[in-house]
Amino acid sequence: MPELPFLLPADDRALSPHTGYTRVHWEAAADGMLHAALRYATPGQALIDLPGPPSKSGVRSDGLEGFARTFLLAAFRAAGASGQDQHGILERYTAGIARGTLTPGRGDAESWPVIGHHGAHGQPMVESASVALGLRLTAPWTWDALPPEAQDRTEEWLRGALRHQPAPNNWYLFPLTVAGFLESAGRGDAETARAIERGLALLEGWYQGQGWYSDGDGRSFDHYNGWALHMYPLLHAHLAADGALLDRLGPRLRTFLESFSLLFDADGAPIHHGRSLTYRFAAGASVALGALTGHTPLAPGATRRVLSGALRHFLDRGALTEDGVLSLGWYGPHAATLQRYSGPGSPYWASKGFLALLLPPGHPVWTEPEEAAPAEGPDRALALPATGLLIQTTGRDGLVRLHNHGSYKLRPWEAEHAPADPLYARLAYSTRTGPTSADNAPDNHIALEVRGVRSDRLRIHPLAAGPDWLASSHTPAFPDGGPKVPALRIDSLTLVRGRLEVRVHRTVGVPAGTRIHHSGWAVALPPGTPAETERGAEVRLDGGAVTGQLLGLHGWENATAVRAPQGTAYGPWALVPELTGTVGENPSGTLFVALASLTGERDPAPLADLATAEVHGLAVTVRLPDGAGVVVDFGTGDAPTVTEVSA
1 MPELPFLLPA
11 DDRALSPHTG
21 YTRVHWEAAA
31 DGMLHAALRY
41 ATPGQALIDL
51 PGPPSKSGVR
61 SDGLEGFART
71 FLLAAFRAAG
81 ASGQDQHGIL
91 ERYTAGIARG
101 TLTPGRGDAE
111 SWPVIGHHGA
121 HGQPMVESAS
131 VALGLRLTAP
141 WTWDALPPEA
151 QDRTEEWLRG
161 ALRHQPAPNN
171 WYLFPLTVAG
181 FLESAGRGDA
191 ETARAIERGL
201 ALLEGWYQGQ
211 GWYSDGDGRS
221 FDHYNGWALH
231 MYPLLHAHLA
241 ADGALLDRLG
251 PRLRTFLESF
261 SLLFDADGAP
271 IHHGRSLTYR
281 FAAGASVALG
291 ALTGHTPLAP
301 GATRRVLSGA
311 LRHFLDRGAL
321 TEDGVLSLGW
331 YGPHAATLQR
341 YSGPGSPYWA
351 SKGFLALLLP
361 PGHPVWTEPE
371 EAAPAEGPDR
381 ALALPATGLL
391 IQTTGRDGLV
401 RLHNHGSYKL
411 RPWEAEHAPA
421 DPLYARLAYS
431 TRTGPTSADN
441 APDNHIALEV
451 RGVRSDRLRI
461 HPLAAGPDWL
471 ASSHTPAFPD
481 GGPKVPALRI
491 DSLTLVRGRL
501 EVRVHRTVGV
511 PAGTRIHHSG
521 WAVALPPGTP
531 AETERGAEVR
541 LDGGAVTGQL
551 LGLHGWENAT
561 AVRAPQGTAY
571 GPWALVPELT
581 GTVGENPSGT
591 LFVALASLTG
601 ERDPAPLADL
611 ATAEVHGLAV
621 TVRLPDGAGV
631 VVDFGTGDAP
641 TVTEVSA
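For reference, each letter of the sequence shown is one residue, going 1 to 647 in full-length UniProt numbering.
For the record, the hints were derived by calculation from the structure and aren't laboratory data.
Treat each hint with caution, since some may be false.
Just the calculated beta-carbon pair ranges, DEER-fashion [what the hints assert, rightly or not]: (1) T255 / V645: 41 to 49 Å; (2) A241 / E601: 36 to 44 Å; (3) D108 / E601: 22 to 30 Å; (4) P361 / R163: 38 to 46 Å; (5) G186 / G498: 51 to 59 Å.
Note that the structure is a prediction, hence the values are computed from the model and not measured.
Backbone N, C-alpha and C fix where the C-beta goes; we use that ideal spot for every residue, glycine too.
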């Protein structure tokens, strides 16, 4: 493992037997990251120009982003220490706020960009929330230290967030956060009240149940649930001591954490799914918020286990460069993890993970012994019909998989045009594998091939759910200029037992003779590594840390492994197992059945020894190792049914 560019205290394995981290490790990590970032501050402290390629918003906006997001880290650190700031870091940020708001929009070396509408000038609205929240948390040492005229200028700059159009998603919580600070500073009015009311009203419309929100209209479910949609309004309610709002939003957070806390691997990694993954341990923000507000199902020791596990996971794996700056990527730099809006300061939304420091030193989260993470318990299968997500954990290896039958990136008004976003469109994600890039063969995908062009999976329609299975449907989409075939549909179902995944697909309206491809887990391997093909045409990829397996049980004719030379976030080169078949003549559809596995266990048994399948029309009976099994029937109506059968 790479050495950290700053020193941390020795591990405390008595209090923290799993991670070795305690509160002092968190404080030291925050201090080290702040000192590294502040080396890149402009002379007046108003911008932090971190090294790296600029985002689409430009260098000045990136400099504000570097300032605002590290200020949030400084605010959590100082507020959690009751204002103790032996290094004078808050003084530097206070000076930077005074200088940056002196002449906003001017093209000098220090002035902040003005806040505009979402689009070319919208990024400062995002950063205004971090500035406002940082000021709210540290008001006695920052806001109160500003001269009255600097306070007025800062207020006027922040009000730009209230007067411009946010993006149609979690961005509406940025004006809410700004308004919450202004009201806490005695500067509230009708404009701030409207911003808070509007944000909370939209949040209600986005709530889908089981603790999960959609990130705006549509069905986009990912880490933004934790580090934005729960965090901003509930932290506002906590800081404002708004009991009614806490009572409304708090139980949702508790319910959310019942499922979300399962999405952290025994090695600390959060699930690798959705956009903005370069924010890394920000994934723990909602876990800490649950402890802060009292709305959590987790014991204090389990809370620290999840939080410290995520922080240590990335610090141990090279997320920081040699000079202590967070890189644009996952472990080290990784372009496929990024979005067009990602700039050098973007990774510092990871600062949200340090919300844990708001818990005082005597809080049980810091004082009680670490407990096992939820994923380290018994094997779990948890279906979330509200989102179309199915969580699968295995206690023997602590690995987590997330099967996707309902989350996608398209908004309701957007047309279905390929290519799909690899971070949303795949059938499954895990804590130890990442999706392949858009330019390589897709992992965990089902595709038709027409005239040599393969289809994408874009808008996903949930069909049905059970305790350990989910089903969905999608219309195969081809790139612009590609084939146009009417009335196509693929229905898909995933059922999980232990480490096994039964994957059933039904084609509807697809011309007979059409080629169909189904892929499994992408495993990072050294370049040139061959794939092992077991009996029964199983493709087995042994990556050392994980083994991926894919076996065709019915309908598949060929099995192979496809190269992914751009690799994944977990390695620079990967292989993807793939099955290929042909659509049949049945006008009601053709059934394809496969068995997949991703495991950290050593030398897992061949899949052919673990399950068999017998197909009758549009129903398949899958027998599992104990002789018991299930019948998956796609011929009973618009949605499949799953029936247990005895041994």
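Cross-check of the supplied hints:
1. T255 / V645: 41 to 49 Å: Given a distance of about 33 Å, which is not inside 41 to 49 Å, the answer is violated.
2. A241 / E601: 36 to 44 Å: Once the Cβ atoms are compared, 49 Å apart, the range 36 to 44 Å for E601 and A241 is violated.
3. D108 / E601: 22 to 30 Å: violated (60 Å)
4. P361 / R163: 38 to 46 Å: holds (41 Å)
5. G186 / G498: 51 to 59 Å: holds (58 Å)
In this structure, the hints that do not hold are numbers 1, 2 and 3, in rising order.
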